[in-house]
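Novice: Each chain, written out:
Number of protein chains: 2
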Amino acid sequence: MDIHAPHQEQHLESSDMIRDIVIGMSDGLTVPFALAAGLSGAVNSSGIVVTAGIAEIVAGSIAMGLGGFLAGRTEADHYTSELRREYEEVERVPEREKEEVKEVFAEFGLSKKLQDEIAEELAKDKDKWVDFMMRYELGLEKPAAGRATRSAITIGISYIIGGIIPLSPYFFVADSTRALYYSCVITMICLFIFGYFKSKVTGQPAISGAFKVLVIGALAAGAAFAMAKLIDGK
Amino acid sequence: MDIHAPHQEQHLESSDMIRDIVIGMSDGLTVPFALAAGLSGAVNSSGIVVTAGIAEIVAGSIAMGLGGFLAGRTEADHYTSELRREYEEVERVPEREKEEVKEVFAEFGLSKKLQDEIAEELAKDKDKWVDFMMRYELGLEKPAAGRATRSAITIGISYIIGGIIPLSPYFFVADSTRALYYSCVITMICLFIFGYFKSKVTGQPAISGAFKVLVIGALAAGAAFAMAKLIDGK
Chain A
1 MDIHAPHQEQ HLESSDMIRD IVIGMSDGLT VPFALAAGLS GAVNSSGIVV TAGIAEIVAG
61 SIAMGLGGFL AGRTEADHYT SELRREYEEV ERVPEREKEE VKEVFAEFGL SKKLQDEIAE
121 ELAKDKDKWV DFMMRYELGL EKPAAGRATR SAITIGISYI IGGIIPLSPY FFVADSTRAL
181 YYSCVITMIC LFIFGYFKSK VTGQPAISGA FKVLVIGALA AGAAFAMAKL IDGK
Chain B
1 MDIHAPHQEQ HLESSDMIRD IVIGMSDGLT VPFALAAGLS GAVNSSGIVV TAGIAEIVAG
61 SIAMGLGGFL AGRTEADHYT SELRREYEEV ERVPEREKEE VKEVFAEFGL SKKLQDEIAE
121 ELAKDKDKWV DFMMRYELGL EKPAAGRATR SAITIGISYI IGGIIPLSPY FFVADSTRAL
181 YYSCVITMIC LFIFGYFKSK VTGQPAISGA FKVLVIGALA AGAAFAMAKL IDGK
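Chains as they are written, first to last, in full-length UniProt numbering: chain A, 1 to 234; chain B, 1 to 234.
If you're looking for bench data, these hints aren't it; they were derived computationally from the structure.
Please note that the accuracy of each hint is not assured.
When chains are identical, the list treats them as one kind, so a pair holds in a single copy or across two.
DSBU-like mimics (lysine-lysine), calculated; alpha carbons at most 30 Å apart, straight line [stated by the list, open to error]: (1) 142 - 124; (2) 102 - 126; (3) 113 - 124; (4) 124 - 98; (5) 112 - 124.
So that you can see chain A by itself, here it is in the shape it has in the complex (with noise of 0.2 Å):
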């Protein structure tokens, strides 16, 4: 099976966009909403719930989408020095890493003997050994080039359409409490949509998972309009 591995590459590849996108896209739906729902609670001017609003979409897709290459460029470097210092090991301390692919197969229950010569057979490829001890012993895959950069930008792009959705009927409509509702019913129906193919996509039961992404997205919104309420004593 030669194109099992790239084929899995791919695969990861777009799984993480996958996962980027709803990371975005769930926070951007329920947060602006519940922002604007709270909001609208305790002032009657849609002005005031769409400055905090856009506020909001703009701070949120930058700390998620800076955040998000930050937390990719971090993974990046820790694979590039965690692959470093097994390199230097192999080279400095090889019956020590010999002992350590033992270990990982000692788990699995192999005889002695069988672990020996895999231990062998591997030192005799540094790279691969090296690859072996990165992905087996220490867990880690090697990061796309270029995933950070791609993770900031879909994470942010996804947060700010999910948050101008439930925004959109304070632009239109003046007074909060009426363009709340349309927002409620535009906003549950994305929710529910996003929450159908978030599920499709990650192989969860797609109509329990909508269901699930709604409930979050309503808690969130009931709770900070009664907050809201409460702190104005309205």
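Dock chain B against the given chain A, drawing on the hints supplied.
Specialist: This is chain B only, laid out in the frame that chain A set:
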């Protein structure tokens, strides 16, 4: 090394907790800070900033906490369903599963003879065979029990603690522009300290890590402030 496995597991568990604190607190310190800064540029009363800020913190902690809970549950469900499938496959198509074991080792350049021996010996103990497939073919680790609930609570509380810090000056200073000055000073200091410790525990260079976190917070707040000013046309 008998203590190897439990030690590693404990290590993973505490690093899960630290990861959850980092997830909750970095967004908690950044987004409510930026939202408050944005609103301070558009309104003159700290009252609205406090209402919006609290609504955001409530919404954000619920969205992130419940999000963490569901992510943890999904991970656990996925593990369980894949585990069942692997057990079924080693019963139903053992030869194909043995081929998959061999493929893992073929990738590391082990000889055909050794591949066969490993596959045969691993197949003697079904539990260990399945465990091997789960970890090294599918790359899945058994999630810690109760992880989802712990994760939700840790992320939610970290978000609330992080969010209260930038908001606190607005409770005491009625003029939102003055409150913003205090908020900037307090939050910048906290972002730096948080970034420092975050980098320490994740093994990154601490000072440059602290500056990265600080810059994200400042950029998000600056952009939100500028955008809110722009919308309000002031």
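Novice: Of the hints given before, which are not true for this structure?
Specialist: none
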